[in-house]
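S.K.: This is what each chain is made of:
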Amino acid sequence: MASPSYQDIQAGAEIAPRQYQVTRRDLVRYAGASGDFNVIHWNERIAKSVGLPNVIAHGMLTMALAGRYLTEWAGDPGAVTEFGVRFSSPVVVPDDDKGAMVEIAGAVTGKLDGNQVTVEITARSGDAKVLTRAHAVVRLATV
Amino acid sequence: MAINPDYAGRTFEPSEPYEVSRVKIAEFATAIGEPSPLCRDRAAAQAAGYPDVIAPPTFAIVVTSAGNSKLMSDPDLGVNYAMIVHGEQSFTHTRPLHAGDIVVAQSTIESIKQVRNMTTMAMVTEVRTVDGEHVCTARSTLVERGA
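Chains as they are written, first to last, in our numbering: chain A, 1 to 143; chain B, 144 to 290.
Don't read these hints as lab results, they were simulated from the structure. Each statement offered as a hint is correct.
Capping the alpha-carbon separation at 35 Å, the derived lysine-lysine pairs in DSBU-like fashion look like this:
| # | chain 1 | residue 1 | chain 2 | residue 2 |
| --- | --- | --- | --- | --- |
| 1 | A | 48 | B | 256 |
| 2 | B | 167 | A | 111 |
| 3 | A | 98 | B | 167 |
| 4 | B | 167 | A | 48 |
| 5 | A | 129 | B | 256 |
| 6 | A | 129 | B | 213 |
| 7 | A | 129 | B | 167 |
| 8 | A | 129 | A | 111 |
| 9 | A | 129 | A | 98 |
| 10 | B | 213 | A | 48 |
| 11 | B | 256 | B | 213 |
| 12 | B | 213 | B | 167 |
Work the whole structure out from these sequences, hints included.
M.R.: Here's what the structure looks like:
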């Protein structure tokens, strides 16, 4: 997918939605890479004992997938200058080979100086909105 | 037991320096499925105008978590991790973190509020190089669910 250029992009442009699979293996890998070993992200017994439906993904993994959605779109992992989300619902990850599916979509909401655009993102898993108030500022390439 | 409200408004000492390594950036990029060579290949990152491989935007949480680990495990603050969920998170980057950066994180607990049986704690963490260059401001809200 070619990266969009700042000149060509307009407010209202939609970014193609993408789906990201999240399995228990991904949670273990993210725990190691991030240093977040909270038991609710890998221990079903404890997750259920504290009232969760099952093991849940790290909110920061969900946010990282949304970040990747943006950086892959912009073509540069350094392009996201501002990024904020609210974790509205957990991504529940069952102990099977499919895990959970996170679907991310976005749209350009405005153009800023410095070749930057504002983007609004939605992220769902099953019937739940897993991120809300998800906004970013992304610097785009110029032609 | 809940988070100690006496900690609201407190600014903590800067963390020990954290050295951002190429290996850690690549490990993190792989864990989140970020495919870019700019996270793995120094020559590719330099061709794109960066001094070395760069970190994805949410990598900053690795630095802030490491910097806050002592504070967050302080028994007087009283955080019960199994009951914590992440409420909100944001990052404002002055520039991407890159391999070779040596940074410190300094945190302030902005508020601790009790709402019904939940306690929310809002924190802001400034990430700067050891030379004082601002790299990132991270804001987190943690929610401790009541037992």
